Amino acid sequence: MSDESTTTFVPSDESATNADLTERTGGTKEGLFPLPDTSEIERLIEQGGVLRLPEQSPADLGDSEQLFGDGETMIINLGPQHPSTHGVLRIMLELEGETVLRSKPIIGYLHTGMEKTAEELTYVQGATNVTRMDYLSPISNELVFCLAIERLLGVELPERATWIRMLMAELNRICSHVTWAATNGMDLASTTMMIFGFRERELVLSFFEKTTGLRMNTNYIRPGGVAADLPDGWEDDVEVMMDTIESRLDDYDELLTGQPIFRERTEGVGIIGPDLALALSATGPLLRAAGVPWDLRRSMPYLAYNEVDFDVIVGSIGDTFDRYAVRMNEIRESIRIVRQVLERMPRGDYRIQDAKITPPPRARIDESMEALIHHFKLFSRGFEPPEGEVYEAVESPRGELGCYIVSDGSNKPYRMHMRAPSFVNLQSVPALLRGGMMADTVAILSSVDPVLGEVDR
Amino acid sequence: MVGDILGVESIPTTSSRGQDVLHPTREQYLGAISAIKSADYVTCSDLCAVDYLSAQERRSLPEGIQPERFEIVVSLLSISKMHRVRLRVQVPESDPVIETLFYLYPGTENMEREAFDLFGIVFSNHPDMTRILMPPGWEGHPLRKDYGIGRVPVQFRDAPGPR
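Chains as they are written, first to last, in our numbering: chain X, 1 to 457; chain C, 1 to 163.
With the rest of the complex left out, here is chain X (with noise of 0.2 Å):
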C-alpha cells in the first residue's frame, strides 16, 4: 500500500461480467451496512465473541459467567456430523431466541499428527505427507513445503520448473474455487451449483490426472523441481479448459450472483471489517473481503508472479456476499494468469539436474552405475539440508499457507510446521456469528471455506 509503483490494486473491472458484482467488488466503504470499528477488537477482547467453556461439557451452564442478555440463553452444538461443516467441524452456539451471541469451533476430530509424521518421513518422501493436508489445493501444500526445503538448500529451479509450478498452482486455485462454490451453493440449497461446481472441479482434475497421475495428493511437486514434464498436448487440454470454465462462469453468475435469495441471504451477513480481520490473523479471500488487498503474490511474489499480469480482488463491506464475489472473480484473475502461463511457458528442465536432490532420468539408470548408486541413494536415504530454519509461505486459496523446517542436518526435518490458512481463519468464525442469525450460521460458515483436513493436521 505504501509503495504505489509495486502494488495496484484495481478490483477486475473487465473480468467481471455482472454489474453488480463489480459494483460490489469494487464499491467504496459508505456502503449499505454499518462497518466494524476498531472498537470492536477491544470489545472482542473484552466480552469475547468466543464462548470458553469447556468442550465436554457444553450443557452446563454454571461454568459459564458471562451470559449476555438476560440470561435466557441456550447453547446448542452444530456438527461435527453436520453436512454443512464441511468435514468434522463442531461449533458450540449460545443462542439468545433466534440470535447467536457467542460460539466456539471445536476441532481436533481429523487430527492425526501430520506434524509429528513429518519428523519421520525423509525430505524426499515429505511432500506425499503435507498434500494430504488441504485436500482440497494439493499443490499448494506441496509447493511451501518444497520451496522451503530449497531455501534450505540454497538452490535454484529452471525457468520451466517455476511456470509449471505456476501453472499448476492456479489450476488447482480454481479447482479449489469452484469447488467451494459447490458446497457452499448446497448449503444455500442450491443444488444445481453443486452439480455445476463439481462438473468444473472434474474438468481440472482430469488434467492432473494425465499430468501428474493421481487427482487428488499429487505428489508432482518434489524438492528440486516437478515429478514429471507436462504431457503432451498439454496446451490444448488447458486451453480448452480455460475456454469452458470462463464461459461457465457465467452462468454461475446466472444462477447466484443476481438471484434475490442468494443475495438475501449472503447481503450484510457475517460482516468483518479489516482492522478486526487483520487483529485475527485472518487472510485469503476473507481478509481481501474485507477490503484489505493483501495478496502474497502480489505483496511478496514467489515463483514468477511479478512477472505474469492479474489483479487483487478485494471487497467492500466484508459479508458473506463480498467472499462470494472476491472467490468468483479470483478464478477469473487465475484464468487470466494460466492463460499467460500458456503463451510464455519456458523451454528447458523440469526440475534441477543435480543427482543428489532429483533422480536422475529413468533410462540413465539401465547405462550408469553412477546413476543407480544416486538414484538409490536418493530414495533410500534422500539428501541432507544443511542445518538452519527457513519459514515460507505462499497464497494457498484459503489464504496465507507457511511453511516452518528446522532442519539439524540430518535426511529428516527436525521439525515441520505449517502455518494452515483454515485453522486460524477460523477463529474469526465467533465474531463473524455473533449477533447474526441462526439460519445464517451455516452460510457464514461456508463463505469462510475451512478445510478441516488442513485444520486438525
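By construction, these hints were calculated from the structure, which means they are not laboratory data. Keep in mind it's a predicted model, so treat the numbers as computed, not measured. We treat Cβ as the ideally placed atom computed from N, Cα and C, and that holds for glycine. There's no promise every hint is true.
So these bits of chain C aren't anywhere near chain X, every CB distance computed over 10 Å [claimed, not checked]:
(1) I65
(2) Q90
(3) E93
(4) S94
Below are the BS3-like pairs computed for lysine-lysine, each with C-alpha atoms no more than 27 Å apart in a straight line [as the list claims (entries may be wrong)]:
(5) C:K145 to X:K412
(6) X:K116 to X:K356
(7) X:K377 to X:K356
(8) X:K116 to C:K145
(9) X:K412 to X:K356
(10) X:K377 to X:K116
Starting from the known structure of chain X, arrange chain C on it as the hints suggest.
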C-alpha cells in the same frame, strides 16, 4: 529493516537464509513484540513451538543467548512494509511458561492453544489454555521429542503386539 524498529535495538538479530530473525529473552519478549507491533507489524501470521531436546548442539544462536529446550517462534507481518520478522524465544524445560500474545494479537489464541496442546508450554494470562487438537483428557504432549510415535495394535491372530 529490523534495526529500524525502535525499542528492539538491544536484541540480537540474525539472518536465516535471508530472513530476519530476532532473539529476545523471555523478559524482553512482550516488550519487543509491542514495539514491533507499533512499527506497523499489524498481524501475527504464525506462532509455533520447537523442541530442541535432541538437537541442542546443532543449532545456531547468537552470542549471549542461553539455549533452552523449547523455543517459541513467532512470525510477524507488516502489510505496509511487506516485510516479515521472526522472533525466536528460548523457554526452559524446568519452567515452560511464557506470556501470551493474545492481548496484542487476538489471532494468536488458537496458535498458542496448539503450542500448549502439542508441547506443553503454558501461555500465562491466556483466556482459554486448553487442549485444541488432542482430546481433553489426553496425557502427554505429542510433538515433544521424548514422546514416542507409538503403534496401533494389529487385530490379527498371532500378530505381534505393539512393539
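So, going through the hints one by one against the coordinates:
1. Non-interface call for C:I65 relative to chain X: holds, since the shortest CB-CB distance, roughly 14 Å, exceeds 10 Å.
2. No beta-carbon of chain X is positioned within 10 Å of the beta-carbon of C:Q90; the least distance is around 14 Å.
3. Look at C:E93: its CB is around 16 Å from the nearest CB on chain X, clear of 10 Å, so calling it non-interface holds up.
4. Distance to chain X confirms C:S94 as a non-interface residue, since its nearest Cβ pair spans about 21 Å, more than 10 Å.
5. With a C-alpha separation of about 14 Å, the suggested pairing of C:K145 with X:K412 holds against the 27 Å cut-off.
6. With a C-alpha separation of about 25 Å, the suggested pairing of X:K116 with X:K356 holds against the 27 Å cut-off.
7. Under the criterion of a C-alpha separation no larger than 27 Å, the hint pairing X:K377 with X:K356 is consistent with the structure, at around 8 Å.
8. Only pairs whose Cα atoms come within 27 Å are accepted, and X:K116 paired with C:K145 is accepted, the gap being roughly 9 Å.
9. Pair hint X:K412 plus X:K356 holds up; C-alpha atoms about 15 Å apart against a cutoff of 27 Å.
10. For the hint pairing X:K377 with X:K116, the CA-to-CA distance comes to about 24 Å; that is within 27 Å, so the pair holds.
Violated hints are absent here; each numbered hint is respected by the structure.
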